[in-house]
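Following the hints, put chain B in place on chain A, whose structure we already have.
Line by line, the protein sequences give chains A and B. Mapping of the first sequence onto this note's numbering: residues 1 to 292, in sequence order. Mapping of the second sequence onto this note's numbering: residues 293 to 579, in sequence order.
Since the hints were derived computationally from the structure, they do not count as laboratory data. In this text the structure is predicted, and so the values were computed from the model without any measurement. Treat each hint with caution, since some may be false.
[To be verified] Only pairs whose alpha carbons sit at most 20 Å apart, straight line, appear in this in silico SDA-like list of lysine to any residue:
no. : chain 1 : residue 1 : chain 2 : residue 2
1   : A       : Lys208    : B       : Asp568
2   : A       : Lys189    : B       : Val487
3   : A       : Lys65     : A       : Arg42
4   : A       : Lys65     : B       : Arg345
5   : A       : Lys280    : B       : Asn576
6   : A       : Lys189    : B       : Arg515
7   : A       : Lys189    : A       : Val169
8   : A       : Lys111    : B       : Val487
9   : A       : Lys189    : B       : Val490
10  : A       : Lys284    : B       : Leu577
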Amino acid sequence: MLRGLYTAAAGMIAQQRRHDTVTNNIANINTPGFKQVHAVTRAFPEMLIALTGGDNQSMSRRVGKLNSGVLAEEPIPVYMQGDLQETSYAGDVALLSNIQVPGVTFDASGKYVSPEGEVTFQPQAFFTVLTAEDQERYTRNGKFNVNNQGELVTSDGSKVLGIGGQPIVLNGPLTDYTITSQGQFTDGKTGQLLTDAAGNQIQLQISKVENPYDLVREGNGNFRLSGGAQAEVISGQDQVQLRQGFIERSNVDASQSMVDLMTAQRAYEANQKMIQYYDKSMEKAVNEVGRV
Amino acid sequence: MISSGASMYGLQQKLDILANNIANVNTVGYKKKEANFQDILTNVAGQTSDFERPGRLTPMPMGYTQGWGAWLADVHTNLSQGPIKGTDSPLDFAIEGDALFQVGVAETDENGEPSFRSAYTRTGSFQLSPSETGEFSYLTTQEGYPVMGTLNGQEQPIRIPANHAFAVDSAGNITARNLNNPDGPAVQLGQMKLVQAVQPDMLESVGDNLLVLSAQADNTAIRALNLNSANPAPGQPTVLQGFLEQSNVTLSDEMAELMVVQRAYQLNSRALTSSDTMAGLANNLRG
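If we strip away everything but chain A, and leave its shape as in the complex, we get:
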C-alpha cells in the first residue's frame, strides 16, 4: 500500500489538533490568569525499510529509516507571567510569581539545563481553591467575590483557601479589606492585621508547584496536580507578590497565535494536496494500468 497516504492523513490530523489549540488560545485572550498552550508535534517512531526480493541474499538490503507520520503529542502550557492590568476593584488580586531556586538561573521560558544535562523548571505560585466537590485545585485567576455565606469565592464559585486550609470567611464587603503583598488581610481603614474566629491570621494560601508541567488543566481556570498530590505552601523567601486592585491578564500572544493559525492551515492544505496526489496515482494504477 502507499505508505505516504497514511502519513499525509496523520499530518492532517496533527495540524487540526494544532489549529484547535491555537483557536482555544485566541478565544481566551481576555481570560484573566490564562496560560497559553503550545501543541507539540512529534514524528512517529522510525521504521527500517528494506528491499524485498533482489539478489539471492538471506538478508534483505536495508534502504534506511523512514518516519511514517506525525502526531500532535501534547499541549504544553507556557507559564510566563501575564501583564498586570489595574482595575481598582477590591476583589481583584494579581499574583506575581518569580520563584528562584538557589544556584539556578532560569531562561525566559522558565527552564534551566545544567552542564550535566539535567533540566529544571521554574516553580510557579498559584492561589489555592476548593471546588464544589471539596477537591483542592490551583488557579491564577484572581477575580474574587464574596458569596451568600461571606466566603471568598472565584468566578466559578470555588472557595478560596486561607492558611490552614480552610475557606476564607469575611464579615464585611471586600472594600473594607486591604490585602498586603504577602496575602494577609488587613482592615482597610486602620491597617491592622485581621484574625478569624479561631484567632488565626486571615491570609491567602499561595501554593508552590515544583514542576508546573505536572499540572492538569481542568477548565474554569483551575489546575490540579496529577496523581492527586498536593502542592506545598510558599515560604517567606519565595519571591511571590500579590497586588490588590490588579488582575493578571492572559499571556496569549495575539500576533504569534495568528501566525501559528495560518501555518497550521497551510500545512493542512499541503497535506490535503498530498492525499489528492496519492489518490490520483491510485486512480491511475487501478483504472488505467490494469485496463483490459
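Chain B in isolation, oriented as in the chain A frame:
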C-alpha cells in the same frame, strides 16, 4: 470552530455590558457593571501508553487536553465612589463612602395591608411630595418612592412639616426650622436611614436606579449603619447635602475596554474563518 463561536458569544455579552455603561455615563448615582471571562471546561482526549516517549514534559495519564473557548463567568456591580458635584439644592444628597439610601416601595402584603418593601439607591436627587392633607411633605426620590429614616427608634418615611426648611448633617440627622418663625426652636426629624451592602453581589438592579436584594440573599447581605456625628468611626460614610454623586463610569476606561473586546472579536472571527477553510479542504479531499 466551536470554541471560536462560543467565545464570540461571550464577547458579544461583554459588549452589551460596556454599551450599557457608556449609555449611563451621565446618570446620577449609576454604578458600572463589570464582567469576567473564564475558560470553558476542558476535556482530555485519552492517549494510550504508546504515547509515552522520552522527552515528554506533561505526565502520561493526561492525554491531550482540548479547551473549548471562553465564557462570561460572572457580572458584578462595581460600587466604587463616583465624583461628587455641588448643586446648591437642599434636596440633593450625596453619600461619600460605602453606604446606600433606603427607600420604600409601596405594595400590599399577604393580608392586604399596605406595606413597604425595601429598596436601596445611591441617587440622592430627592424632592418633596406633599401629603394628602398638606400638613407635611414626604421626602421622595424623583420617581416618588419615599426615603426611609429612623425617628425615635422606628423606621418610617421621612416627613417634613409644611413651611419648614430642613438641614441634614454628615451623619444624616435631620433638623428643620419653621420659616414663619426663624428664631424658634429647631425640630428634630430623626435620622436618614443608611445601609451598607455586606455582599454587594446579592443586590440586583430593578430600574429607576433602585437596587433590591435578590431572592437567594439572606438578611446578612445588608446591614444598617449607625452613624454618629459626634464621634465618627474612621472611614465612616458621610451624607452631603447640596451635592450629587455622578456615575462612576470613566469614559476612557470603557472605550479602552471596548477596543480590546472588538479586537478579540476580530481575532476570534478570523480563527472561525480559518477553521471553516480547513473544514472546506477536508470536504474537497475527493471530488
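Hints, verified against the model:
no.	hint	verdict
1	A:Lys208 - B:Asp568	violated, 41 Å
2	A:Lys189 - B:Val487	holds, 18 Å
3	A:Lys65 - A:Arg42	holds, 16 Å
4	A:Lys65 - B:Arg345	holds, 18 Å
5	A:Lys280 - B:Asn576	holds, 14 Å
6	A:Lys189 - B:Arg515	holds, 18 Å
7	A:Lys189 - A:Val169	holds, 19 Å
8	A:Lys111 - B:Val487	violated, 53 Å
9	A:Lys189 - B:Val490	holds, 16 Å
10	A:Lys284 - B:Leu577	holds, 17 Å
The structure is inconsistent with the numbered hints 1 and 8, although it conforms to all the rest.
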